[in-house]
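Keeping their order, the protein sequence lines are chains A and B. The numbering of the first sequence is the UniProt record's numbering, which starts it at 1 and goes up by one. The numbering of the second sequence is the UniProt record's numbering, which starts it at 1 and goes up by one.
Quick caveat, the hints were computed from the structure, so don't treat them as lab data. Do not rely on the hints blindly, as some may be mistaken.
Here are the simulated DSS-like cross-link-like pairs (lysine-lysine), alpha carbons at most 25 Å apart as the crow flies [to be verified]:
(1) K118(B) with K256(A)
(2) K256(A) with K111(B)
(3) K224(B) with K196(B)
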Amino acid sequence: MTSLTKTPTPQDLPAVSDVPLTHGSLPRRAAPLTLLGSVLAGLLLFVLDWSPAWCALLAAAGYTLTVYLWSRRVEGSRKATDRVVTAIVTSAFLLALLPLVSVLITVVGKGLARFDATFFTNSMRGVVGEGGGVHHAIMGTLIITGLAALISVPVGILTAIYLVEYGRGRLARYITFFVDVMTGIPSIVAGLFAYALFELFYGPGVRMGIMGAVALSVLMIPIVVRATEEMLKLVPNELREAAFALAVPKWLTILKVVLPTALAGIATGVTLAIARVIGETAPLLIAVGITTGDNFDPFDGRMATLSVFSYYEYVSPGVPPEPSLDRAWSAAFLLIIIVMALNLVARLVSRLFAPKTRA
Amino acid sequence: MAKRLDVSDLDIYYDKFLAVQGVSMTIEPRSVTALIGPSGCGKSTFLRTLNRMHELVPNARVEGKVMMDEEDLYGPNVDPVRVRRHVGMVFQRPNPFPTMSVYDNVAAGLKLNNKRMKRSDMDELVERSLRSANLWDEVKDRLNRPGSGLSGGQQQRLCIARAIAVQPDVLLMDEPCSALDPISTGAIEDLIVELKRDYTIVIVTHNMQQAQRISDTTGFFNLKAIGEPGALVEIDATTKIFTNPGNTATEDYVSGRFG
Chain A
1 MTSLTKTPTP QDLPAVSDVP LTHGSLPRRA APLTLLGSVL AGLLLFVLDW
51 SPAWCALLAA AGYTLTVYLW SRRVEGSRKA TDRVVTAIVT SAFLLALLPL
101 VSVLITVVGK GLARFDATFF TNSMRGVVGE GGGVHHAIMG TLIITGLAAL
151 ISVPVGILTA IYLVEYGRGR LARYITFFVD VMTGIPSIVA GLFAYALFEL
201 FYGPGVRMGI MGAVALSVLM IPIVVRATEE MLKLVPNELR EAAFALAVPK
251 WLTILKVVLP TALAGIATGV TLAIARVIGE TAPLLIAVGI TTGDNFDPFD
301 GRMATLSVFS YYEYVSPGVP PEPSLDRAWS AAFLLIIIVM ALNLVARLVS
351 RLFAPKTRA
Chain B
1 MAKRLDVSDL DIYYDKFLAV QGVSMTIEPR SVTALIGPSG CGKSTFLRTL
51 NRMHELVPNA RVEGKVMMDE EDLYGPNVDP VRVRRHVGMV FQRPNPFPTM
101 SVYDNVAAGL KLNNKRMKRS DMDELVERSL RSANLWDEVK DRLNRPGSGL
151 SGGQQQRLCI ARAIAVQPDV LLMDEPCSAL DPISTGAIED LIVELKRDYT
201 IVIVTHNMQQ AQRISDTTGF FNLKAIGEPG ALVEIDATTK IFTNPGNTAT
251 EDYVSGRFG
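Please model the entire structure based on the sequences and the hints provided.
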């Protein structure tokens, strides 16, 4: 029995019969009503001309404190902590949602003004003041982003295949490290890189769509590598072994077993990577510039893109400025729609390509 | 079909770590050889050296000889992929390819290798393999459904069908029933006994009743001591191993008095 001396003696712990199976609980509507009260108090402060930020903060803090103290008295400390953490997590969620909602409301509200047929079919050639459209910028964005995807998807997927299936030792470690470094490159640096690279061949002042595509691929490749790498790692090793045991060589195993199994995830990752770079402004500002008319040849001169178009319409509006500002907002709204559509496509793609267990 | 394996003085390493030492055994064609022994003694490692799957682990290697009839599996210029063409394998957990249908899973050995075949020949091969695996009647109406939609026991028989569709000479099985219920296990045991008419079968199992039921020869692996490499203690006819083994460690293990 000597080994038991360190366990608490019965006197240290409450007798089991003293620990009831039930504990008190707040009235059913207590928490929602407290919340309502805090929100009303917050609104009252708002009416009294306090700043909205303070009102929300005080309402949240008031609710949390009231419920915590009340719950602690009635329900005990574990339940009270639970309620506090719930309140904090919910507040954090709402706080994170705030910028998104705010941006959406502003952009939709101001962007709808110019969502007409002219906006989608015309370019800005010869337009001063009202009218004009972004046809040239839509095409420019699609062409440049498409080229960027064309460059980065093969490079990214092949790099990920090397890292997961072949890479051992130093080279693989270096590649992983530099992919991480690339993830952190500021987008304007990517633009400067593309400019410097093409300046070597074409001399100073060169602007081309393909330069923008190169700049965007610098940003896109690490995202594709990362996403593909994670997906390839998720493919169970048993499937590779099953293929090897059937005398399938390694490259065919990767091509016909590993890649198809991971296809859904890879396609989703690629789509999200495109969505990530399609709204980039800074690198395109440097590498591609802007133009008012249609130029759909990425190897010849400046092109328009939605993000850069939006930027220029805002920083150098005409006189009066309103038509330019309207166009800027509408272009921004269109970009948001494209990004959202890409996200939806990504979800659809992952559902369509996912290995089916039942059919 | 059905070749003899002759292993002599095989040492198996993971990098510098000697995992299994000095295995010598003869595996007769058209028989079932069961490998038993405690976990971590190198049964599966040994099994994977018989089709050169062992060397898929980085820096893993072996020393010694594995003869398949007259050819050394570890001889110079031997292509591991071709070895695996002759020596098939079934794994512990059923692993049908999730992107493929039942049909494509059975045909995987050919399709993944880009082998062209007439549709009717392919159909016949798939049916024959599924029949040999006692699965045809259960799946003949859903050949185009995903293979991963089958039950665990059916999936394992699908994997066996996939392995025998390429008509190997030797079939290795690494605890093929350990993830299955008794009914499915029974089905697979019956299947193994049928398959030994055409194939040389080597099976690793933790279930000693299973070894008794299906095998002709049983090999007992054990660690020499803690921290020592695993080794083949004794190999003999199954009835002898389970009734009158030559080694006391074997007797302790098969009678449940191990340790």
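How the hints compare with the structure:
no., hint, result
1, K118(B) with K256(A), "21 Å, holds"
2, K256(A) with K111(B), "9 Å, holds"
3, K224(B) with K196(B), "32 Å, violated"
Of the numbered hints listed earlier, the single one contradicted by the structure is hint 3.
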